[in-house]
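Novice: Sequence:
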Amino acid sequence: MKYQKDYQEDDLLISLRNLMRYSQDPYNIDNSKDFVEFYNRTISILINYGTATGNMKFLEMTDKFPVLFEDDVEKFRNQKNKQTLSAVGGASLTGIIIGFFITVIALIIKIKKTENINDLFRVINDTCGHLIFIIENPVFFEQKNK
Numbered sequence: 003m004k005y006q007k008d009y010q011e012d013d014l015l016i017s018l019r020n021l022m023r024y025s026q027d028p029y030n031i032d033n034s035k036d037f038v039e040f041y042n043r044t045i046s047i048l049i050n051y052g053t054a055t056g057n058m059k060f061l062e063m064t065d066k067f068p069v070l071f072e073d074d075v076e077k078f079r080n081q082k083n084k085q086t087l088s089a090v091g092g093a094s095l096t097g098i099i100i101g102f103f104i105t106v107i108a109l110i111i112k113i114k115k116t117e118n119i120n121d122l123f124r125v126i127n128d129t130c131g132h133l134i135f136i137i138e139n140p141v142f143f144e145q146k147n148k
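So that you can map any letter, position 9 of the sequence shown is 11 in the numbering used here, and since no number is skipped, the others follow by simple counting.
These are computed hints drawn from the structure, not numbers from a lab. There could be a bad hint or two in this list.
As the list claims (entries may be wrong) - List of simulated lysine-lysine pairs, DSBU-like, C-alpha gap at most 30 Å:
| # | residue 1 | residue 2 |
| --- | --- | --- |
| 1 | K66 | K77 |
| 2 | K35 | K77 |
| 3 | K35 | K66 |
All values derive from a computational prediction rather than experimental measurement.
Using the sequences and the hints, build the whole thing.
Specialist: Here you go:
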C-alpha cells in the first residue's frame, strides 16, 4: 500500500498539525468521508513511525486516538453550524422551545451528544499536541523517562 512507506518527521508533523486544525474547526472539513480516510491513514502512519523508532510512549499516545466514523464528523460539523446560526441570527421562540424539549429529553435518556462529540474531537486535538511534542523534543522526552 502506498501509505506504508517510511515518512519523515516533517511529514508527520504536517499531518498532525492538519489533524489538529480540522479537529478545532469543522469548517475546515469539506467532506466527512475524506476526513475519516485522512484520519485513519494518519493514525496508520503514526503507528508505523512509532514501531520503526521503537518509541513506546509514541505508540501509547497513538492508541489514545478514538475510533472515528463519518457520522461523528457530520454531527460535529452540524453542531458547530447550529451554534454559529444561533450566535449570528439569534433564535426564535419556537426554536428555543424545541431546543429546551430536546435538551430535557436528552438528559432524561442520558444522551449528551454535544459533549460526546466535542470530547471526541478534543481528544484528537490533545493527542496530536502530545505527539507533536514527542517528535519535536526527543531529547527532553528521553531525559524524562530515564
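Novice: Now look at each hint and say whether the structure bears it out.
Specialist: Do the hints match the structure? See the list:
A threshold of 30 Å between alpha carbons decides the hint, and for K66 with K77 the separation of about 21 Å falls inside it, so the pair holds. Under the criterion of a C-alpha separation no larger than 30 Å, the hint pairing K35 with K77 is consistent with the structure, at around 13 Å. A C-alpha spacing of about 21 Å is found between K35 and K66, which places the hinted pair at or below 30 Å, so the restraint holds.
When each numbered hint is compared with the structure, no violation occurs for any of them.
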